[in-house]
Every structure is written in structure tokens, then in C-alpha cells.
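Protein chains: 2
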Amino acid sequence: MTALKNDTFLRALMRQPTDYTPLWLMRQAGRYLPEYCATRARAGSFLQLCKSPSLATEVTLQPLARYDLDAAILFSDILTVPDAMGLGLYFAEGEGPRFERPLREEWAIRDLQAPDPHDHLRYVIDAVSEIRRALDGSVPLIGFSGSPFTLACYMVEGQGSDTYAQVKRLMYARPDLMHHILNVTTQAVIDYLNAQIEAGAQAVMVFDSWGGMLTQAAYLEFSLPYMARIMQGLTREREGRTVPRIVFTKGGGLWLEAIAACGADAVGLDWAVEIADARRRIGDQVALQGNMDPSILLTTPEAVSAEAKRILASYGQGSGHVFNLGHGISQFTPPENVAALVETVKAESPRYHV
Amino acid sequence: MTALKNDTFLRALMRQPTDYTPLWLMRQAGRYLPEYCATRARAGSFLQLCKSPSLATEVTLQPLARYDLDAAILFSDILTVPDAMGLGLYFAEGEGPRFERPLREEWAIRDLQAPDPHDHLRYVIDAVSEIRRALDGSVPLIGFSGSPFTLACYMVEGQGSDTYAQVKRLMYARPDLMHHILNVTTQAVIDYLNAQIEAGAQAVMVFDSWGGMLTQAAYLEFSLPYMARIMQGLTREREGRTVPRIVFTKGGGLWLEAIAACGADAVGLDWAVEIADARRRIGDQVALQGNMDPSILLTTPEAVSAEAKRILASYGQGSGHVFNLGHGISQFTPPENVAALVETVKAESPRYHV
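Residue numbers (the numbering used here), protein chains in the order written: chain W, 1 to 354; chain F, 355 to 708.
Incorrect hints may have been included.
Stated by the list, open to error - Some chain W residues well away from chain F (every beta-carbon gap over 10 Å; in silico):
1) ARG27
2) CYS37
3) THR39
4) SER52
5) LEU61
6) ALA65
7) GLU106
8) TRP107
9) ASP119
10) SER129
11) ALA272
12) ILE282
13) ASP293
As the list claims (entries may be wrong) - FRET-style restraints, in silico, Cβ to Cβ:
14) ALA571(F) x ALA339(W): 20 to 28 Å
15) ASP277(W) x ASP530(F): 43 to 51 Å
16) GLU702(F) x GLU105(W): 32 to 40 Å
Simulated from the structure, these hints should not be mistaken for lab results.
In this text, all values refer to a predicted model and were calculated from it rather than measured experimentally.
Each residue gets a CB set at the ideal place from its N, CA and C atoms; glycine is no exception.
Given these sequences and hints, build the entire structure.
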């Protein structure tokens with residue numbers, strides 16, 4: 001593999017000194033970019049875009065051509081794993097993801113198997129290899145997966161939900177079955193992320209999009225321990241370098257101390273947490289990634305720039321901060337506001353690294 | 355007025371000793387009760403139910419006839435205030451609340467006036483009086499309002515939203531206009547709650563349903579200070595007794611210390627916060643109300659009972675806890691699970707008050 005030219009992101013995740021605060025954006029390859037929409041139209045559908053390694057490579061690289069970002073993230077979807085488990089992922093037009101066969105019956109839950117990623121998720125692994133080749137050492141590539149709890153939410157509900165009533169009903173009424181789903185899914189995620197690392201992912205992130213809707217007691221029983229097991233199961237070194245791990249529980253700000261102890265190198269923050277407080281609480285243990293409210297990108301370059309400066313100052317002096325949003329970028333974001341964000345972080349952050 | 359027979363709820367809010375942990379449930383008069391659905395069908399619509407003092411009285415009392423609850427809460431909707439400000443509230447069938455004239459133009463924002471509650475909100479004030487008469491001193495009556503920020507969300511968006519992008523855009527791009535909306539709405543809420551107190555509300559609660567989707571900095575600028583101003587503006591004594599105030603920011607668990615300092619007597623908690631931690635953080639300043647996940651009420655009487663016991667034990671010994679849910683009760687709740695909850699709290703809580 002080509003030597004990495006810009007390792008600022010990887011160094012910051014390991015809390016090593018850097019010259020500036022590295023930056024990438026959750027869902028940076030997305031519908032706010034006209035070139036993404038064009039490729040997606042060619043692909044025919046979101047799912048076909050995910051399943052085509054060459055088109056996934058194309059959209060992964062698009063935001064890097066526009067903006068001076070410090071990492072690429074594999075273009076894929078967290079629901080590829082349950083799809084590979086046989087649940088039948090599809091996207092109803094304008095409706096978000098759905099499963100043809102949600103997990104509702106005990107026999108179906110008992111039958112669940114962790115898929116071999118080299119078999120049922122070959123298209124993701126191939127995309128990772130192809131993206132690495134295309135990046136040619138410019139910036140590192142992030143691999144990712146959903147957390148077991150978040151995947152279980154979709155698997156049980158069969159689609160997104162406001163209240164996740166069905167998964168909570170299962171969790172409280174039949175915790176044994178819920179733990180079975182989580183155990184199998186944890187093994188699936190470990191195999192999946194290790195296959196991504198083997199194919200060239202230089203850092204990995206676990207997205208726990210729905211852990212924040214649990215009680216603390218339920219989070220500590222049904223979400224965090226499975227992420228901790230993933231951390232233990234991941235390949236630690238590859239190409240002579242540590243593969244850093246990021247965990248992100250949206251809405252998990254109350255539980256940062258527990259999250260920081262799960263074995264990850266970095267903790268993703270949503271925008272509710274003041275990053276200075278997060279640093280005070282866990283910044284001596286892990287790097288922090290975040291945490292601008294993506295809604296600010298809907299306003300003006302001036303408002304974006306002011307908020308980016310506020311967040312940089314709030315984190316303050318020293319390494320260990322990866323600038324990002326607190327959630328995925330909105331499809332309604334004007335691309336020039338993203339330019340203002342990137343320029344501000346590049347111009348203003350070096351003063352915090354002297 | 356008739357002397358109050360059961361003042362356990364009011365005493366707990368003031369952290370005075372009680373014999374047991376009092377209990378009421380957010381949205382306790384709601385669609386999970388067949389008798390509520392029958393009255394609503396007679397009313398013709400949700401809004402007509404809100405606007406009829408006698409029917410609002412009827413549904414307010416329905417859960418008290420079934421369950422041994424320690425407070426009644428005025429049956430109404432937080433959006434009556436913007437409706438009285440001229441925005442034109444309506445409910446599209448199966449779609450939730452909408453406004454005919456959302457606040458989008460600067461002239462409309464500048465024209466906004468706090469309504470006289472005795473004029474445009476007469477039906478609410480009449481309902482408060484009628485409910486007080488009907489309660490006949492059995493349990494106290496809670497009045498309520500939405501928080502200025504939460505009302506502003508609906509006023510600007512014109513309806514509920516996943517991201518509240520429009521209100522956030524206004525807030526970041528034109529903070530002066532956002533503060534103007536919040537100033538006028540704060541005066542409206544003060545007048546409205548004082549009219550409810552005058553008519554017989556014995557405690558009041560401010561619902562900040564959407565403050566939790568702000569950054570900490572924005573919450574401390576756009577939501578909490580306005581709730582603090584409401585606290586200062588409210589009638590403190592009525593019928594020879596303090597009128598306790600409860601504030602509840604859903605998703606505000608990170609900011610409990612700031613919320614506890616806003617002048618309220620009690621702080622509502624959603625289910626994400628472990629109540630033992632909340633007590634450790636702010637329990638010497640305010641009473642705590644909450645915080646069972648309403649999804650648990652969708653399971654079984656046994657699971658409900660176990661979780662209620664866990665929460666009582668987590669709060670622990672002594673007064674200052676009002677048992678409630680962390681959010682409104684779901685329409686899909688089996689009424690027998692509510693019975694199990696009420697019975698558990700009544701049976702198990704006296705041991706924490708010896």
C-alpha cells in the first residue's frame with residue numbers, strides 16, 4: 001500500500017500531537033452534493049449504490065475533491081449487516097429503510113447467524129479495497145458498522161420508529177431473546193469490521209444511533225457491553241500501525257464516563273454536550289470527535305464560522321480533538337456552508353496546537 | 355374552596371415529609387383509556403374537547419376514577435397559547451398539530467402580542483374552575499404551559515418536525531427575532547399560568563419538550579432563561595399555600611444543575627437520567643419528578659412492577675420524589691399495566707418514608 005501522506009486524523013484519535021485539528025463530516029458523501037445525486041441517479045437506487053464497489057468508491061471520494069477533509073469514510077449503510085443475516089433490506093421510496101422479514105418470532109431469533117463477511121458482504125469489502133486504491137494514500141479511510149443495539153432496533157421493528165416500542169417490549173419482556181440477538185449481532189459486527197480492516201480500513205467507527213433512547217440501566221445492559229466486546233475483538237494493528245476505534249452513542253452525553261471506559265480510542269459526541277465539559281470528564285482517557293449541530297450548516301457561512309470557532313475554543317489547547325458534526329449532514333445543506341466550515345477549522349485550529 | 359384531602363403531591367414538591375411517594379402520569383387522561391376515546395368521539399375532535407370546559411373536566415377526572423393517583427392535570431394542549439396569538443391551530447387527521455399561519459416573516463414576528471388569557475383563553479380558565487369544583491378537594495390540580503422555546507418551535511415550523519431546521523435557522527441567523535418571539539411568548543405564558551392559578555390550579559408545570567435538541571450554549575441562551583423569567587413572574591401563594599412549580603426539559607439531563615437553579619421547586623426528569631444520579635446532583639435544591647420509560651407500560655404487569663421498584667430504590671430514602679413517567683403515556687398502553695404501576699408505587703413506596 002502507498003504510504004499515508006496525511007495522518008493527522010489517525011494521530012489525533014490516538015491523542016498524539018498534530019499541527020491542526022483534523023476534520024471530517026458524518027455523511028460527508030450525501031445528497032447535499034449535486035455530484036452525489038448524479039451518481040445515485042446512475043446507480044438507480046441507494047441500495048444499488050451501496051452494492052456497487054466502483055460507484056461507492058466514486059461517491060466516497062466526491063467530498064474530498066471539493067473540501068480539504070482529513071479522512072474518507074466508506075460509503076455504505078449500517079443495515080447491510082442485518083441484510084446479510086437474511087432480513088431482506090429494501091428502501092420504500094421516500095420512506096427510509098425497511099426489512100422484509102423483521103425479527104418477531106422466537107424461532108427466527110434463535111435461527112439468527114452471524115454472516116461470513118467475505119461471502120454475503122463481499123461488495124462492502126471490495127469497496128474498501130477499491131477506495132483504498134483510489135485514495136492513493138492521500139487521507140485515511142474509516143470503516144464502520146452500526147452498534148449491535150442499534151442494529152437490533154431495526155431488526156426487531158423492521159424499520160425506523162419514533163418510540164421503538166417493539167424492541168423495548170422485547171427487551172423488557174424477553175431480555176433473554178434480546179441478548180441472543182445482541183450476541184449474534186456482536187459477532188457479526190466483529191467479523192465485518194475485521195474484514196474491513198483487513199481490506200484496508202485504517203480506523204473504524206461504531207454508530208450507536210439509538211442507544212440514547214434507553215434508560216441508563218438498559219444502556220449499560222443492552223448497548224454498551226456489546227460495544228465493549230467489539231472493541232476487544234477487533235484487529236489492533238495493520239500495516240504497522242494501530243487501527244483506532246471510535247464509538248458514538250447519539251444521546252449518550254450522560255454516560256460519557258462509562259463509554260470512555262469501553263476500550264475505544266475516541267468517543268463521538270452529539271451536539272448536546274459542551275465539548276469543554278466532555279473533555280473535562282473523559283479527555284484524559286480518549287480523544288473526542290464532534291460536535292457541531294448540523295442544523296447550523298443550514299444558515300449562513302458567517303454563523304457556521306462563528307460556531308466552529310466556538311467549538312474549537314471550547315475544546316481548547318492540545319491534541320485529541322477530531323472536528324465533526326454531532327450527527328449526519330442534512331441533505332438541505334448548501335455546499336458553500338461546508339466550505340466555510342472546513343476553511344474555518346483549517347485556519348483557526350493551528351493556534352490550539354502550538 | 356373545599357379543603358384539600360390529599361396534599362401528598364404538593365408536599366413532595368416542596369420536599370416536605372410524606373407517608374409515601376405520590377404519583378401521577380403525564381398524559382394520564384388520554385387515548386389508552388376507552389372512556390377517554392368515548393368522550394373525544396362525542397366532542398368531535400381533540401380541539402373541540404380542549405375547548406369545551408365540561409368535556410375537558412370529564413376527561414381530566416377519568417383516570418382518577420380508575421386509579422389511585424395523587425394529582426389531576428388540566429386537560430388541554432400546549433398549543434392553545436400560540437392559537438390565542440392568532441396562528442390558527444388545527445389538527446390534520448392522523449397528522450398532529452399544525453398552524454395555519456406559521457411565523458415566517460419578520461413583520462409577523464414583530465406583530466406578535468401576548469394574548470389576554472381571560473379573553474382568548476377563556477375556555478381553559480373556565481375548565482380549570484370547573485375541574486376544581488368537580489375534584490371537590492380530593493387531589494390537587496396541576497396547571498401547565500409549554501415553554502417559550504418549545505412553543506416557538508411549533509410557531510416557526512408550523513408543525514412538529516424531526517430536525518426543527520427552520521427554527522434553528524432563525525435562531526442562528528436572526529437571534530434578535532428569535533429573542534423577540536421568546537420575549538412575547540414568555541409574557542403570554544406568565545399571564546396564562548397566573549390566570550390558571552387564579553382560577554384554581556394548585557401547582558404548575560412548564561413543558562420544554564424540545565429544549566433537549568439544542569446545544570448547551572443555545573439551551574442556556576434560548577430556553578432556560580425564559581423559563582427562569584416565568585418562575586419569577588408566577589403567583590407564589592394562593593389559598594394560603596405555596597403554588598409549586600415544576601420545569602421539565604425532555605433531553606435536558608446534561609444540564610440538571612442549571613435547570614435546578616432556574617427558580618422551580620421541582621425538576622421533571624426523562625428516563626435517560628438515572629434518578630439516583632439526578633438526586634446526587636440536584637436533590638438538595640429541588641424535588642424530582644419522574645422518570646419511568648413509558649415504553650415499559652407496553653410490556654407486562656410484572657415488568658412494570660419491577661421497573662417501578664427499581665426507580666423507587668434508585669431515588670432511595672426520604673421525601674422529594676414525585677413518581678411519574680419520563681414522557682407522556684402511549685396510546686397503546688394496556689390500562690391494567692397502569693394499574694400495576696399505581697399499585698406498586700402505593701405498596702412499595704412507604705418504606706422509603708419512614
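Problem set entry | Numbers of the earlier hints that this structure fails to satisfy, in rising order | 11, 13, 15
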